[in-house]
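Chemist: Sequence:
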Amino acid sequence: MKLHHVAEGPADGPPLVLLCSLGSTVDMWAPQRAELADEFRVISLDTRGHGGSPVPDGPYHVEDLARDVLETLDDLGIERASFAGVSLGGAIAQWIGLHAPERASTLAMLCTAARFPNADTFRDRAQKVRAEGTAAIADGVVARWFTDDFADAQPDTVARMRDQIAATPAEGYAGCAEAVAAWDVVDDLGGIAVPTLVVSGVEDPATPPEHQQILADGIPGARLESVTDAAHLASFQRPEVVTPLLREHAKGAS
Numbered sequence: 012m013k014l015h016h017v018a019e020g021p022a023d024g025p026p027l028v029l030l031c032s033l034g035s036t037v038d039m040w041a042p043q044r045a046e047l048a049d050e051f052r053v054i055s056l057d058t059r060g061h062g063g064s065p066v067p068d069g070p071y072h073v074e075d076l077a078r079d080v081l082e083t084l085d086d087l088g089i090e091r092a093s094f095a096g097v098s099l100g101g102a103i104a105q106w107i108g109l110h111a112p113e114r115a116s117t118l119a120m121l122c123t124a125a126r127f128p129n130a131d132t133f134r135d136r137a138q139k140v141r142a143e144g145t146a147a148i149a150d151g152v153v154a155r156w157f158t159d160d161f162a163d164a165q166p167d168t169v170a171r172m173r174d175q176i177a178a179t180p181a182e183g184y185a186g187c188a189e190a191v192a193a194w195d196v197v198d199d200l201g202g203i204a205v206p207t208l209v210v211s212g213v214e215d216p217a218t219p220p221e222h223q224q225i226l227a228d229g230i231p232g233a234r235l236e237s238v239t240d241a242a243h244l245a246s247f248q249r250p251e252v253v254t255p256l257l258r259e260h261a262k263g264a265s
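Throughout, my numbering is defined as the position within the sequence shown, counted from one, plus 11.
Hint data in this document are derived by calculation from the structure and do not stem from the laboratory. Note that CB positions come from ideal geometry on N, CA and C, so glycine has one too. Do not take every clue at face value.
[Claimed, not checked] Each pair of labels, with its calculated beta carbon distance range: (1) P166 <-> T239: 20 to 26 Å; (2) N129 <-> A22: 38 to 44 Å; (3) A178 <-> R91: 30 to 36 Å; (4) P65 <-> G151: 36 to 42 Å; (5) D23 <-> A130: 40 to 46 Å.
[To be verified] The list that follows gives simulated cross-link-like pairs (lysine to any residue, SDA-like), each with its CA atoms no further than 25 Å apart: (6) K139 <-> P216; (7) K139 <-> H110; (8) K262 <-> P67; (9) K262 <-> P216; (10) K262 <-> D23; (11) K262 <-> G232; (12) K139 <-> A154; (13) K13 <-> R141; (14) K262 <-> D198; (15) K139 <-> D198.
Given the sequences, and given the hints that come with them, work out the whole structure.
Modeler: Right, dumping it as structure tokens:
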């Protein structure tokens, strides 16, 4: 299905596709979008079930979400792009690297995993939001996105991001949570031949750095970068570090 997207930057610039984490919209990429649009054609996408994208009944699988991305790019006339994804978005990037490598010039995988820890937690969340709505889990989720110091210093920002989670359609969140729970490509990582950057948030409680180490060790030639003073949404909390990494990586092999 075609996804809601925002296109920014020069129409003839090298395409850079930004893929979102579970419970977020294209707004999670606000720190990167305008800055990278100076030289890239930046395409930010709302995952199915999130933001302005359609909300079909779940369950979903990462393959479904990745095919949505590729169908949307087909509609935009984009045959090949660099991809950067956080968490669930990083799993989508992995699927593209494994199953549609001809569509990817580079991959950046941020705060993500080849197999997410605590799969039962995601299944429990899916059940809870279907019963009680996404607001029921929003406080707990946003607490994992940022370090305590950041939350104390920028409570309005954290509240805005919490509201973004709470506004996610329940079925969309639940379906994508089930996709996260089922994701497991640990044994397949050697098949990714696209130039890959892996980024860790050193204080990420959702996908701790050992999970990015698994990605970097398993993907041939992958480069691993660790971002200090950052939790799960390292791209949002530390854009002064992450944005140049994304620019350098996409520019170097696009």
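Chemist: With reference to the structure, classify each hint as holding or not holding.
Modeler: Structure-based check of all given hints:
no.: 1; hint: P166 <-> T239: 20 to 26 Å; verdict: 22 Å, holds
no.: 2; hint: N129 <-> A22: 38 to 44 Å; verdict: 42 Å, holds
no.: 3; hint: A178 <-> R91: 30 to 36 Å; verdict: 33 Å, holds
no.: 4; hint: P65 <-> G151: 36 to 42 Å; verdict: 27 Å, violated
no.: 5; hint: D23 <-> A130: 40 to 46 Å; verdict: 43 Å, holds
no.: 6; hint: K139 <-> P216; verdict: 21 Å, holds
no.: 7; hint: K139 <-> H110; verdict: 32 Å, violated
no.: 8; hint: K262 <-> P67; verdict: 35 Å, violated
no.: 9; hint: K262 <-> P216; verdict: 30 Å, violated
no.: 10; hint: K262 <-> D23; verdict: 14 Å, holds
no.: 11; hint: K262 <-> G232; verdict: 17 Å, holds
no.: 12; hint: K139 <-> A154; verdict: 18 Å, holds
no.: 13; hint: K13 <-> R141; verdict: 24 Å, holds
no.: 14; hint: K262 <-> D198; verdict: 29 Å, violated
no.: 15; hint: K139 <-> D198; verdict: 31 Å, violated
Hints 4, 7, 8, 9, 14 and 15 from the list above are not met by this structure, while the remaining hints are.
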